[in-house]
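*Asks:* Work out the full structure: start from the sequences and follow the hints.
The listed protein sequences derive, respectively, from chains H and B. Position 308 of the first sequence, counted from 1, bears residue number 327 in the numbering used here, the numbering being contiguous throughout. Position 65 of the second sequence, counted from 1, bears residue number 84 in the numbering used here, the numbering being contiguous throughout.
Don't read these hints as lab results, they were simulated from the structure. Careful: at least some of the hints might be erroneous.
As the list claims (entries may be wrong) - Dumping the calculated EDC-like pairs for lysine to aspartate or glutamate here, alpha-carbon to alpha-carbon at most 20 Å:
id, chain 1, residue 1, chain 2, residue 2
1, B, 240, B, 250
2, H, 119, B, 66
3, B, 190, B, 167
4, H, 119, B, 65
5, B, 119, H, 66
In this text the structure is predicted, and so the values were computed from the model without any measurement.
There are 2 protein chains.
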Amino acid sequence: MSSKIYELLSIGNALVDILSYESEDNVASLAKIGIEKGNMTLIGPDEATTVLRQTGQSTMISGGSAANTLSTFMSFGGSGAFIGKVSDDRLGDVFRHDLKAQGVMYTTSSAPMSAQTGRSHVMITSDGERTMATQLGANEHFAPEDIDEALVAASKTIFLEGYLFDSPSAKEAFMTAAQMAQTHDTKVALTLSSVSCVNAHRDDFVKLTKSHVDILFGNEKELKALTMKDDFNEAVEAAKTLCDTLVVTRGSKGALIVQEGVHTDIIAAKVEKIEDTTGAGDSFAGGVLFGFAKGFSALESGRLGAEAAAAAATISHIGARSVNRDFSKLVP
Amino acid sequence: MSSKIYELLSIGNALVDILSYESEDNVASLAKIGIEKGNMTLIGPDEATTVLRQTGQSTMISGGSAANTLSTFMSFGGSGAFIGKVSDDRLGDVFRHDLKAQGVMYTTSSAPMSAQTGRSHVMITSDGERTMATQLGANEHFAPEDIDEALVAASKTIFLEGYLFDSPSAKEAFMTAAQMAQTHDTKVALTLSSVSCVNAHRDDFVKLTKSHVDILFGNEKELKALTMKDDFNEAVEAAKTLCDTLVVTRGSKGALIVQEGVHTDIIAAKVEKIEDTTGAGDSFAGGVLFGFAKGFSALESGRLGAEAAAAAATISHIGARSVNRDFSKLVP
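*Replies:* Take a look at the structure:
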C-alpha cells in the first residue's frame, strides 16, 4: 500500500462565485431563462448576458462545492489537494492563488485560453437562500487524463461533487477517480450536490454509491430524490444500505450521521441571523470530513461541521463598494 | 451651451480589487519588490507572481478610485457616466456589469484581448491601512480617442483621478478631457490620488490645477507634497490659490473644505471599529460631489462625504469562504 500524504483530495468544478443581493421579484423574473430559485442552473453565454444585465453589484470569491469543502477542511488544519480545471486568465490566477494560500496542493493543467475560467452567479435573497447560475467554461475541458493517479494514491480520502456529472468528460474523470481510489485503498466521499443533479443521474449515482462510495453527503431533498422516497426516515433506511457512512443535512433541524447502522443526531449551531446559506452545506462537509480524518466520533465530527456551517451562514459579502446600500436616506 | 444629462462623469483606471487580510510582517516583506505599506505601487507580471505567492485568501470587487467615487455618487441617487478601459475577459465583464447595475452610462471600447483587465491587490493590515499593488493591464491602452467629447459636453462635472498620470497615453487622455471640459462649460474635479503620484508629476499637477481644475481633492500628505509645504495651514494657503474649491481629508480629524476662500471644517462621522480604509477617501469624494451637484452648502456636502467614508470604513470584506478565519480553535 502506498503511503498517504494528503488527508483529503477534493475533485470538483473550479468556479469563481459572483455574489449579489437580489430581490425575490428579480430572481423570479429569471424563470424565463430557466433559472429556478434555490437551485443551481447551468447557463450558456446568452443566459449569462441576461443574468449580468439583471443582477446588482457583485463581490467575487473563489468557489466550487468541493473546493469550498476543502477550504473549510484546511481552515481546521487539515492537509489537502485539489483537482479541477481553470483557464490561465485573471480569475484562474485568483482561484489557484486562493487554494495555494491555504496550503492546498493544486497542479491540474489549465484549459486552453479560448475557454474562460468558470463562474457561478450566486443570487442571495433576503431569506438567505441562494439561487445559482453557473457557466462551466474551462471546467468543460476537465477529463480523465486530469486525474493524477499518484495524487489519488497519496490521499486518505477523495471527495467528489455530484455536479461533475453535468459535463460528460468530467463525469468520466469522476468515474476514473473513483476506480483509482479503490485500487489504492483510498476512501471515497461523494456529495449529491443538487436535486436536479440527482434526478438527471439517479441510476448512476445509486450504482456508484453501492460500488465505490464510503461516505455519502446530501440534504433531505437530495436523499429523497436519490431513494425516491417521500418520507425522510424511509429515505434514510434506503440510503444507508448503499454505503458505510451517510451524512444528511437538515437545515435548522441540524444533521443526521448514520455510521454502520448507528444513528447520531447533530444539533445545528446557533446562528443569530442567517445572512446567506452559500457554502453552508459545503462547510458542513468540510468540518465532518476533518473530524473523520482525525478519527473523531460521529458526534464530534458532526459538531465541527455544524460550527463551520454556522460560520459560513453568518458572514457577509460586502466589499470596498457599498453593495446594495442605499445612501439616499442620508440626503438632507 | 449644450444640455447637461449627467451630473458626474468619472474618468479613471478600470480595476478589479483583490482584497486580502495580511500581517504587518508579510506586507513588510514585500518591500523587496518595491511595495511600500500604505501606498499604491505599480507592478508588472513578475511582481504580480510574487504578490500572488505571498498573499492570503481573497475577495474580489470592482474598484478603481474614480469608479469608486462614482459608485458612491450613484448610491446617493446621482446620475453618472464613466470612461475607462477594461478587456473583454471575465473581470472586464464584471467591472462593466457592476457600473451598469448602478445605472452608470459606460461605453468605452475594450482593450485588445492580449491585455487583461487591470487588477489591484489590496492588502489590509490590522490597523485598517491598505497597501496596494496594481497591474494596470488593459488601462495601458487607455488613450485620448477614448474620451467621448459628447459625453464630456453632456456632463456637469468631470472627475479625474491623478493615477491616470501613471500611463503616458492615459495622461494624454486626461489632458484631452480637461481641455474638452473647458470648451463645454463642464466643471473639472481632480483627486491627487497618492503622494508618489504627486511627487512624480508635481509641475504638471500644479499647472493643470491652475488652468483647468475647479475642485481639488486630496489628503493632508498629498496636499503637502503638491505645495511642498511641511505645515498643513501653509499647504492649504498655497493650494487654495490654485482653484475655486479645495477639499482635504484629514483621517480621524475629518476634513476641510475651502470654497472661494471660506473655510469649513467637517467632523469625521463616528466609526466603531475601522476595519479597512479601502475606498474611504473615494467614498468621501463621492458624497461631497453629490452635495455639490445638488447645490448643497460646503457643510452639508462635507457631511454626506463623511457619512459615506464611515460606511466604507466599517463594512467587511468576507465571502462564502471564511477568509483568514482560523477554525483550529474549534477542534476538541
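*Asks:* The structure should be examined with respect to each hint, and the outcome stated for every one.
*Replies:* Hints, verified against the model:
| no. | hint | in the structure |
| --- | --- | --- |
| 1 | 240(B) <-> 250(B) | holds, 10 Å |
| 2 | 119(H) <-> 66(B) | holds, 17 Å |
| 3 | 190(B) <-> 167(B) | holds, 15 Å |
| 4 | 119(H) <-> 65(B) | holds, 18 Å |
| 5 | 119(B) <-> 66(H) | holds, 17 Å |
Consistency with the previously given hints is maintained throughout, with no hint failing.
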